[in-house]
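For reference, the chains in residue letters:
Protein chains: 2
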Amino acid sequence: MKVSKQKMAEHREQIITAAAKRFREKGFNGIGVADLMKEVGLTHGGFYGHFGSKEELIGMASQRALCESTKKWKKVIEEAPDRPLEVFSRYYLSRRHQMHPETGCLFASLGSELDRQPRSVKEAVMEEQLTIFDLLSRIVPGRTKAVKRKQAIVVLAGLIGGMILARSVPDDVLSEEILETVSSSIPNCVHADGT
Amino acid sequence: MKVSKQKMAEHREQIITAAAKRFREKGFNGIGVADLMKEVGLTHGGFYGHFGSKEELIGMASQRALCESTKKWKKVIEEAPDRPLEVFSRYYLSRRHQMHPETGCLFASLGSELDRQPRSVKEAVMEEQLTIFDLLSRIVPGRTKAVKRKQAIVVLAGLIGGMILARSVPDDVLSEEILETVSSSIPNCVHADGT
DNA sequence: ATTATCTATAGATCTATAGATAATGC
DNA sequence: ATTATCTATAGATCTATAGATAATGC
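Protein chains in written order, with the numbering used here: chain A, 16 to 210; chain B, 16 to 210.
One or more of the hints may lead you astray.
To be verified - No farther apart than 30 Å at their CA atoms in a straight line, the calculated lysine-lysine pairs in the DSS-like style are these: (1) A/Lys36 to B/Lys41; (2) B/Lys53 to A/Lys69; (3) A/Lys69 to B/Lys160.
Everything labelled a hint here was simulated from the structure, so no lab data went into it.
Given only the sequences and the hints, what does the whole structure look like? Please build it.
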């Protein structure tokens, strides 16, 4: 029943990856350790050889989810050297993102649960959050670094709130209106203060 | 053990009120029927004389929470006839609101859980959401009703996202920076497009 | 007589641990 | 010999129901 050290490391990665997906899909309380382990092909007892607690996994999985998003966003931005902010906003506020929280932004799928997580989880999240601020700082207008950072925060807040509002509504027409309205507002909004 | 019809109606209200508070504080899964009933001074078995299921209570409590917020916001806005938008934004993005999710905006405390709730809950939420759009439409700049509505959506999205970002972080300095940055951006941001 | 609430419990979860098992890696 | 995983289970939840109890309201 024992597996090689390398296999074990793979298992650990698989558990984190599955958790990052299912937590975003079902919430931190929406899936249990047993089901996660079953998805990876292991039994639930084995979980505690990899992690000290579910809480520890929540921290790892949250960081993983945000890190994945940052990578994807970087790619999207690099592939649109002109108007990167507009392209990124549309990408974030797309119908596709709305319908697939399990592979999307952690703040949109679990943001309001983060405040109720232990400090260790919030610390892991903050680390990635700062990276995202830096990434967005490069594509928003603004004369100084400080202004760009502010713009990045404002943009991210608008995107997260827009997606949460759109997802919270059972009416497709209204949720599409929300996505379209917020994403249209961003380039304009941002130009006002900075450049 | 039976109580009068009026007392029973009061109990029902108390259950909804307690739920609206505790759900925002601990999440929809963070408090159970038994504890809610204990808070009201009843036993858990009695719950199902008032509601068919916990899900039904989640719908009622969500609507209640949003309705309370709308009332408070209306008051805040009416008490600041000049610069209502700025005053409201500062009120929403205050440290006080950050520290008290249990009496604050449902979208900030439970927004990302709403997508995982059954349709009946989302319908109850949407009803109040439209009222909020109307309320904010009155204080944002814009030449036409359509533009004002769009501005209202953009503002609400920014506020919700800003509060969620601020709460998700374990560092007081960073979270205050987020609140201040987003709330400073709103009057500017909004003037750009509309009036 | 009706019924709001209580007591007791069923049945399903869920996190975590203990000890057994069997494969790795010295 | 060490250890990653499995089996089995403890102990704590949680939603929901059934039947008893006692107060209301006809």
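Against the structure, the hints come out as follows:
1. A/Lys36 to B/Lys41: Within the cut-off at roughly 23 Å; holds.
2. B/Lys53 to A/Lys69: Between B/Lys53 and A/Lys69 the Cα gap is close to 28 Å, so the pair holds against 30 Å.
3. A/Lys69 to B/Lys160: violated (49 Å)
The earlier numbered hint that this structure contradicts is number 3, and it is the only one.
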